Amino acid sequence: MRDLSERALDAASAAGASYADCRVINSTVQRLTVKNGVVASVELFEDEGIGIRVIADGSWGFAGVDDLSPASIEETARHAVRIAKASSRVNRTPVRMAPAPALVGEYRTSVGRDPFAVSLDDKVDLLMRTDEAMSHLAQIRVRECSLEFVREIRHFASSEGARLDQTIIESGGGMDATATSDDEVQTRSFPNSFGRHQVCSGWEAIEAFDLPGNAGRIAEEAAALLTAAQCPAGSMTVILDATQAALQVHESCGHPTELDRVLGHEAAYAGTSFLTPDLLGTFRYGSEQVTITADSTSAPGLGTFGWDDEGVAAQRSVLVDRGMFTGYLSSRETAAVIGQVSNGCMRADGWSRLPIIRMTNINLEAGTSSLEEMIATTEHGVYLETNRSWSIDDRRLNFQFGTQNGWEIVDGKRVRLVRNPIYSGQTPEFWGSCDAVAGPAEWQMFGVANCGKGQPSQLMHVGHGAAPCRFQNVRVEPAR
Amino acid sequence: MSGGDDLLAMGDGALASLAHGEAEVVISDTRSELTRFAGNQIHQSVAERFRHVRVRLIDGGRTGVGEVRGHDGRAIERAFAAAEDSRRVTSESAVSPLPAQTPGDVDEPVAFAEATAAATPQGRAELVAIITDAAGAHGINAYGALSTSTTTTAIVTSAGLRRSATSTQASLVSVARGDDGGGYASRHSPDIDTLDVPGLAAEVVDTCERNQGATAIGPGDYEVILSPYAVTDMLEHLAWGGFSALAVQEHRSFMRIGEKLMSDMITIRDDARTHEIFAFPFDDEGVSTRPVTLIDRGVCSAVVYDTPTALLDGVTSTGHSLPQPNTWGPLPRHVAMDAGSTPWQEMVGSVSRGLYITRFWYVRDVHPLRTVITGMTREGTFLIENGNITRPVKDLRFTQSIVEALANVVQVSRERRLELGEGESGVLSPWLHIGRFSFTS
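These protein sequence lines map, in sequence, to chains A and B.
Counting along the first sequence from 1, when you hit position 198 you're at 198 in my numbering, and nothing is skipped either side.
Counting along the second sequence from 1, when you hit position 281 you're at 281 in my numbering, and nothing is skipped either side.
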């Protein structure tokens, strides 16, 4: 890989680049899916290529190719420079990057058991046992469970002297049970929706999920939802389980603190942000209960690594400190605009994509309460579990989320299961109404493996640590 | 990039060494470039070039899949090896057979333009400058992306199927932002030379200038005019959740064949053979894609099939398969709503009080069986009073059943636009006048 990157950097420099970096990436993905008692697919995907990023004539250029022959790499580097020079035709402001040390090192995800060393037969067996455990109820029309394993070997080199090697390992799995009747369809998922829960870890993570041990319960919950009462409507107390709290953090804190959005780089697609630089350090984002961090060192989150994709070291920074808005997710270029240095959030979806600002592990820090205590001290409200629907405006203020499951709470007790719950609000008011976050014992790290952003589209794997949390005076209603 | 014949020859060569069982080899070469702009400057411009090889092996009642993205000479060999590893552990089950080529199969029509295939970073920058210059002249900022792509796809199977096609796509989207509001416009075509860039620039600047200083309006039910950008989102969600035979077989679809669920004015088709929607001759199994009338004057008429779902229902595939095997089912990727007879400006003129919606944003399913979706309006929500667009209003959240909205259609415009949905499939959409649409916050 080093030979390839040196060739790319030399070619870019010879073509006129004032700065260049490149990433040579080799990745392997295994995906196994069992649906309704049959191994629906076992897919094995290999991918290898190089992405070369340059600055020439004050503008960025980027080109990626999967042909790793010397001639191809040199031509791709020259093409990146041609692109940069063409961009300078419509560019008034030369690119300026905040300084960053040129680092050299190696990083590898800590794994107990390499998931690629576990046989495909054992993986299929686990999924078949999970499927079988979901299969005992007539109302369950669709059963689906899956595993995914990722190994990504990355080499980063820059014209400033950085030389970084990383091996990232991910393990993920999950299940969905879908129950149907003449007029209703209800799905329950475990450990999370979006197909699976994924972490930077080895096979031990899959064993800890205990998919077969939870499958029967998930099927029963899906069937029960078919005839459950509709969720009550009104302004009430809402308690989110840790998975939905993670999604709430992702959409209403992770995205609006991306500094490229704030500066308008994503205005035509993902949108902008209500967290403008004039609010930094002075804006009350949430209540005193709310502290949110960006932490690419908090294993086993999917945003855990040694260095980001422009060579900045993994680190922890505080985005919201006891309710006050205190920080952004940044890159070397965007940090320079607000007079800071990068906090290491440049990430790319493989070798063929330009690094852009992405979440790492965006964590709602643990509080001091517990789910049991929150329920016991709620007069009337709902406890909501597992995301089903999510939508938020382009500035990340007006949101409406739905969950798969709801429990109505009356006088400190869960009184009945309710279906089709949705809740909505405005981001600062919502987080401002947070009066309790559960403690470390109920805090978990979740993975979102489908975060979309950028043009061309990039899907990123990001992590969110979260715990159950409670909010007051939230608008709740059933989706009819 | 290699041509279709070259890729077919590679596939033939790979199949020649197949010792037993059946195999499908799909090879595609892609060259894709995109120039992105923000604040009237190009801030990101990228290019990628790659080969993708996908092998499906069927033997002993088991199916395996291997995929490799990479250009080295062993990519096909590695994909075969991965497919065999996969095949070995899958269940013995009712295998979906490889489709055979039929005598009428021809590898056309296909959306292709030499100008798009030959597009350069310099050429894209010149087109972007038309927009940024227009925005700058009005004291506002333009944002957006112009992409060009060329893909050659070849499919060969041991059942004798050999198909290949080379297609192109050019896509331009832009947002313009002033001090207190923005506008949106987009254009898409196989041919970059036919993109109406000055027209887009004028539209996005005009919408932005009219959408300054929006005032709040309360939630509730409104009569609406939806532009094709918004209609595209609704059609795409119907396609994902409802028009698939698998969704019907799994009781997840709103479609009840033979029942009238929408207005007489609503006819929705899928037609991959029309040059109006990025024509392409075959699906991911190599089956010729047939036109299907999905909704016929408001009546649920038909759904689309791939080979597995067709076998289950005892019919033939309509040619709407995604790569097999999969758990998602078939998908219509060339959806069009039939045009009406009214010019869209006249539709606005017929509304006494209502809203004109330029586009939706972040549209998600709330209850798929009932086709309830939610999302925000964005970059151009206007109040209509006495037949005239009078002022901009702040963006609203809607939560609305698509089927119910299409049951309440008052008029369909005679003009249509080719759009790209969130899933990047082509959708041909008119303006719609809908009697009642629910905004919730």
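Any given hint could be a false lead.
Non-contacting residues of chain A with respect to chain B, defined by C-beta distances greater than 10 Å in every case (computed) [said to hold, decoys possible]:
hint : residue
1    : 166
2    : 207
3    : 212
4    : 284
Taking beta-carbon pairs under 7 Å as the criterion, some of the chain B residues facing chain A (in silico) [as the list claims (entries may be wrong)]:
hint : residue
5    : 71
6    : 90
7    : 178
8    : 408
9    : 409
10   : 410
Capping the alpha-carbon separation at 20 Å, the derived lysine to aspartate or glutamate pairs in EDC-like fashion look like this [what the hints assert, rightly or not]:
hint : chain 1 : residue 1 : chain 2 : residue 2
11   : A       : 35        : B       : 313
12   : A       : 35        : B       : 250
13   : B       : 394       : A       : 429
14   : A       : 35        : A       : 132
I should point out that these hints are in silico values taken from the structure, not numbers from a laboratory.
Since we're looking at a predicted model, the values are computed, not measured.
The beta-carbon is built from N, C-alpha and C at its ideal position, and this holds for glycine as well.
> Looking back at the hints listed earlier, which ones does the structure fail to meet?
Replying inline: 7, 8, 9 and 10
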